[in-house]
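Novice: Here is how the chains run, residue by residue.
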Amino acid sequence: MDLFPLWLSLQVSFVATVFTLAVGVPVAWALGRRTFAGRDLLAALVVTPLVLPPTVLGYYLLVLVGRRGPVGRVLDSVGIELAFTWKGAVLAACVGSIPLLIRAAQAGFETVDRRLEAAARTLGRSEWSVFWSVTLPLAWRSVLAGAVLAFCRAFGDFGITLMVAGSIPGRTQTLPLAIYDHVQANRMPEANMLALVAAGLVIALLLGIGRLVRLRY
Amino acid sequence: MRVRLVILAVVVVLGGALVGSPAAAAPGSAPPILTIFAASDLAFAFRDLIPRFESAAGVKVTLVLGSTGNLAKQIEHGAPADVFFAANQTFVDDLVAKGAVIAETRALYAQGRIVLATARTAGSKLTALTQLRDPRIRRVAIANPAHAPYGRAAEEALRSAGIWDAVRPKLVYGENIRQALQFMESGAAEAGILALSIADAPAVEWVPIDPARHERLDQAVAVVRRSPRPELGVAFIQFVNGPEGRVIMKRYGFLLPGEF
Chain A
388 MDLFPLWLSL QVSFVATVFT LAVGVPVAWA LGRRTFAGRD LLAALVVTPL VLPPTVLGYY
448 LLVLVGRRGP VGRVLDSVGI ELAFTWKGAV LAACVGSIPL LIRAAQAGFE TVDRRLEAAA
508 RTLGRSEWSV FWSVTLPLAW RSVLAGAVLA FCRAFGDFGI TLMVAGSIPG RTQTLPLAIY
568 DHVQANRMPE ANMLALVAAG LVIALLLGIG RLVRLRY
Chain B
211 MRVRLVILAV VVVLGGALVG SPAAAAPGSA PPILTIFAAS DLAFAFRDLI PRFESAAGVK
271 VTLVLGSTGN LAKQIEHGAP ADVFFAANQT FVDDLVAKGA VIAETRALYA QGRIVLATAR
331 TAGSKLTALT QLRDPRIRRV AIANPAHAPY GRAAEEALRS AGIWDAVRPK LVYGENIRQA
391 LQFMESGAAE AGILALSIAD APAVEWVPID PARHERLDQA VAVVRRSPRP ELGVAFIQFV
451 NGPEGRVIMK RYGFLLPGEF
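As they're listed, the protein sequences go chains A and B. Residues in the first sequence are numbered from 388 upward in steps of one, following the working numbering. Residues in the second sequence are numbered from 211 upward in steps of one, following the working numbering.
Nothing false has been slipped in among the hints.
Derived DSS-like pairs: lysine-lysine, alpha-carbon spacing no greater than 30 Å straight-line:
no.: 1; chain 1: B; residue 1: 460; chain 2: B; residue 2: 283
no.: 2; chain 1: A; residue 1: 474; chain 2: B; residue 2: 270
no.: 3; chain 1: B; residue 1: 283; chain 2: A; residue 2: 474
no.: 4; chain 1: A; residue 1: 474; chain 2: B; residue 2: 308
no.: 5; chain 1: B; residue 1: 308; chain 2: B; residue 2: 270
no.: 6; chain 1: B; residue 1: 283; chain 2: B; residue 2: 270
no.: 7; chain 1: B; residue 1: 308; chain 2: B; residue 2: 283
no.: 8; chain 1: B; residue 1: 335; chain 2: B; residue 2: 460
no.: 9; chain 1: B; residue 1: 335; chain 2: B; residue 2: 380
Some, not all, of what chain A presents toward chain B, calculated at C-beta under 7 Å:
no.: 10; residue: 449
no.: 11; residue: 453
no.: 12; residue: 454
no.: 13; residue: 470
no.: 14; residue: 471
no.: 15; residue: 553
no.: 16; residue: 555
no.: 17; residue: 556
no.: 18; residue: 571
Note that these hints are calculated values from the structure, not bench results. Where a beta carbon is used, it is the ideal one built from N, C-alpha and C, also for glycine.
Turn these sequences into a full structure, and let the hints steer you where they fit.
Specialist: Below, the structure is given as structure tokens:
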């Protein structure tokens, strides 16, 4: 049985989760800690990927990063190709999962006692240092919970990935796409097996993380 | 401290995933790979045909099946296909006009037929389109007429039989014709209008639909302009249209160039 889709999906969702953290945590912090013009608009914008149908989202991403798209052309000139590569699947997974991370992390940052941060500042800590030594350590469970949700969403993405990365066996066919393909071809044993292996693996992974950090879902 | 440890752990795992990644593995000295985007009515015929081409040409073929409309859209946006087999020539002509496929390589390779299919679990075989109105037929599977040529042909046939409005509430749309068959195989639909080329499945029985009831399903193929190995794509098209390919295509119910 071909397990390539499983490895690809794991790889894509790991990489996507890291990018999602890198982009999402600062946004969540800004939303939870700062007041600025357009804050509410930004808060609404970050959840649009949850609202739009995935295939619609995927199509617009494809238009954007495809070879004819504005972003695609720029990336192409520096030799990066996103559409129909595994990196495109990462992009798809990031877009689909970032709202979950931002929402969870934002809630975490909002519950951190501002007086503790203020105390750190009176002790001469820079904003950067306050974030790393006070805010994040107090909010990290929410951030991690968001990251876990984001990982799961990334792992399961179907529609966005189908449009942006295609469903090319051995290259961009992630696990959900492979299962869909098996079902279409009426290869039910293969579909069931992949679904079972995937579910088992992800549950084991989540339990492992939970044990590691004593986090309850 | 703990936060940094977790971050470190993530980076290590990520690094491992990247290094040991299947996607990072270079093709190396393996045989060249030919990526074929094909309308899903070719699913069964190409399953027979491709292994023969692989051993004849020393190539490895990756087959991506889907609805003609979606595949065409993806090729337009730069999908790494080498050859595109459409279920209807208009999609290929459209891509020729957009410069996405090589005009000189465009060729007809088959003419498709549609059939009225009945799931074996649904009782006696339907023999005429008008029987789709029968109450025992609760769901009728067709491909999506909006972007799948076989779905469009199914709609035309239903309209020409004068039962489009009566059958419409029963219709379920597959994203492509293979999914329409799957709806019948899973028992979700009692009847369907399928491509003849995929209708020989154990779960269904069928009767042909008069081709005069729909626009001709002239199916065309072309090599994608971006293909780094257009000569391989041309070789595959010649194989399909050659003596060995024609025998197989005929077996799956296609009319062949020169016959229509």
